[in-house]
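Using the sequences and the hints, build the whole thing.
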Amino acid sequence: MFETKTLRSRILLQILLGLIVLPFVFPLIAMVQGSLAGSGWNNYRTVLSLPLLPGFFINSALLSAAVILIVLVCTTMAAFGFSKLHIRAKEVYFWMLMVALTLPGVVLIAPLFATITRIGAYNTLWSVILPVAALQIPFTVLLARNFVDGIPNELVEAARVDGANTIRTFRHVMMPLMKPIMAAVLVLVFINSWNEFLLALLFLQTPEQQTITLVPQFFVGQYNNDQTKVLAAAVLTGLPVVIAYIFLQRFFERGLAAGALK
Amino acid sequence: MVVSVGLLYYCIAYTGYISTLSWDGASPLQQPVGADNFTRMLQDPVFWRALGNTVAFFVVTLIVQVALGILLACLLHSQLYLRTLHKVLIFIPVVLATATTAPVFRQMYAPDGTVNGVLEVVGLGAFAQPWLSNGTAALIIIMSVQIWQSTGIVFVLYYAAIGQIDTEVLEAARLDGAGNLRIIGSIVWPGVRGTTIAIAILTAIGSLKTFDIPFLITGGGPSYATEFLGTMIYRVSVAFSQVGYGAAISVVLLVLAIGTAIIIRVSSTEREKADV
Numbered sequence: 001m002f003e004t005k006t007l008r009s010r011i012l013l014q015i016l017l018g019l020i021v022l023p024f025v026f027p028l029i030a031m032v033q034g035s036l037a038g039s040g041w042n043n044y045r046t047v048l049s050l051p052l053l054p055g056f057f058i059n060s061a062l063l064s065a066a067v068i069l070i071v072l073v074c075t076t077m078a079a080f081g082f083s084k085l086h087i088r089a090k091e092v093y094f095w096m097l098m099v100a101l102t103l104p105g106v107v108l109i110a111p112l113f114a115t116i117t118r119i120g121a122y123n124t125l126w127s128v129i130l131p132v133a134a135l136q137i138p139f140t141v142l143l144a145r146n147f148v149d150g151i152p153n154e155l156v157e158a159a160r161v162d163g164a165n166t167i168r169t170f171r172h173v174m175m176p177l178m179k180p181i182m183a184a185v186l187v188l189v190f191i192n193s194w195n196e197f198l199l200a201l202l203f204l205q206t207p208e209q210q211t212i213t214l215v216p217q218f219f220v221g222q223y224n225n226d227q228t229k230v231l232a233a234a235v236l237t238g239l240p241v242v243i244a245y246i247f248l249q250r251f252f253e254r255g256l257a258a259g260a261l262k
Numbered sequence: 001m002v003v004s005v006g007l008l009y010y011c012i013a014y015t016g017y018i019s020t021l022s023w024d025g026a027s028p029l030q031q032p033v034g035a036d037n038f039t040r041m042l043q044d045p046v047f048w049r050a051l052g053n054t055v056a057f058f059v060v061t062l063i064v065q066v067a068l069g070i071l072l073a074c075l076l077h078s079q080l081y082l083r084t085l086h087k088v089l090i091f092i093p094v095v096l097a098t099a100t101t102a103p104v105f106r107q108m109y110a111p112d113g114t115v116n117g118v119l120e121v122v123g124l125g126a127f128a129q130p131w132l133s134n135g136t137a138a139l140i141i142i143m144s145v146q147i148w149q150s151t152g153i154v155f156v157l158y159y160a161a162i163g164q165i166d167t168e169v170l171e172a173a174r175l176d177g178a179g180n181l182r183i184i185g186s187i188v189w190p191g192v193r194g195t196t197i198a199i200a201i202l203t204a205i206g207s208l209k210t211f212d213i214p215f216l217i218t219g220g221g222p223s224y225a226t227e228f229l230g231t232m233i234y235r236v237s238v239a240f241s242q243v244g245y246g247a248a249i250s251v252v253l254l255v256l257a258i259g260t261a262i263i264i265r266v267s268s269t270e271r272e273k274a275d276v
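Top to bottom, those sequences are chains D and P. For the first sequence, the numbering used here begins at 1 and goes up steadily by one. For the second sequence, the numbering used here begins at 1 and goes up steadily by one.
Since the hints were made in silico from the structure, they are not lab data. Beta carbons are placed, not taken as given, at the ideal position from N, Cα and C, and that holds for glycine. Just so you know, not all the hints are guaranteed correct.
Said to hold, decoys possible - One-sided and incomplete, this derived list gives chain D residues near chain P with beta-carbon spacing under 8 Å:
1) L13
2) L17
3) V21
4) V242
5) Q249
6) E253
Written as structure tokens, this is what we have:
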């Protein structure tokens, strides 16, 4: 993009890049440094020896897995349907779904609270899984539909001519073609559901049910605002997503580039 | 066919169900008082403060994120060293939960925190202060955290969009003697317009939704200086248990969100027609 032929401009641009990235790294360094302050690695030992910690991790993993499953199934089918099937008034439904994109989670807390206590799901993981999945679906459908629109209709028609019904077309023609966008959706949904805070804070009351994002808050209460332990807990909760992102980075970018908002 | 369409409709119905809930769930509590909640809201200085903060937040974060996003995307499309490392570093804040990073920022800006420590070291100790107790400073900090957290997304979207610009056009422009700034202004900026509009909509909705960051870092204080619509709804309906009033603000928030999205969408398509 930029001219990098002369050494001078190259060095200047490299320095510029470094300077812009620096503020992004600074809080991360402060985080790790703060977590090692005081009693050093013992902070981590204290956090890790907390008997409830594995529970928090398992809850978060279950939550993310369930949300990912629901979102992936709904998104792939919805994208296929909106893009390739002839359904009456499908644009109206699509538009309705896009309106839901603007729905802020915080608007829903009062009605959701009423619904959840009525059906007795309060303080169970389901009370977080379903709303989180529902709130993600509009955006993932938008992304995936853009992607599926780019797949030629001829492929679907060819499958039909060969005698495949809709379900077979979906499974054997569309699913393999949709892999890149599914990877991007997976990463996006994993990040969002692992990081869900508001609904977990409201609907999960006992520590046995709570997720990893509530751990720093838990420590604030437990250790009387011992910052170093809070930060150690923060590093530990952040680690899985960072690792997941680094490994899936390439798929994520490729998928987004392919399905990107145009 | 039945299964796929059935599930499809289930998704739509479920989302539609949720979208109507914000009225249905609140109406039994609202009806007896009629429009009282709304008139109360219009007379509530905290509401106007929160609205003003939300708008300011939108304008500032959008401008900074777009500028940073485009600049970074262009830089990382150039032949520079350690590009993947930089990409990952910019994106890490996106994947970290606000709940995880909030304690870090609280610690950084605390009276005995990192920022004051750094000021002390470089000889500007006189400027050291309890940052989060200063209304304006706290608001700027909230904005900077949001920028820190979401520039990664903006960057990735621009990075993908710029990758689709024809390199021959760029080379031709360079042969004609266009400098770096000229290329950004005349080729990249118009080339990524669709992405910019999408980002504007996402940022507008995001600003209206802002909750985690102010809630976890400042809690809306000091004296409502960092109160946003999202935190106000939470405070009113959960802390004060005035669900009806909270729902009234929610309805306004929802109308604003849909309205903004439509306005941005319509004005951008009109511009498109004018361009042709």
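Hints and how they fare:
1. A least Cβ separation of about 6 Å between D:L13 and chain P falls short of the 8 Å threshold, and the interface hint therefore holds.
2. Hint status for D:L17 relative to chain P: holds, with the closest Cβ pair at about 5 Å, below 8 Å.
3. Below 8 Å, beta-carbon pairs count as interface contacts, and D:V21 has one with chain P at about 5 Å; its hint therefore holds.
4. Restraint check, D:V242 versus chain P: the minimum CB separation of about 6 Å is within 8 Å; hint holds.
5. Using the Cβ-Cβ criterion of 8 Å, the hint placing D:Q249 at the interface with chain P is satisfied: the shortest such distance is roughly 6 Å.
6. Using the Cβ-Cβ criterion of 8 Å, the hint placing D:E253 at the interface with chain P is satisfied: the shortest such distance is roughly 6 Å.
The structure agrees with every numbered hint stated previously.
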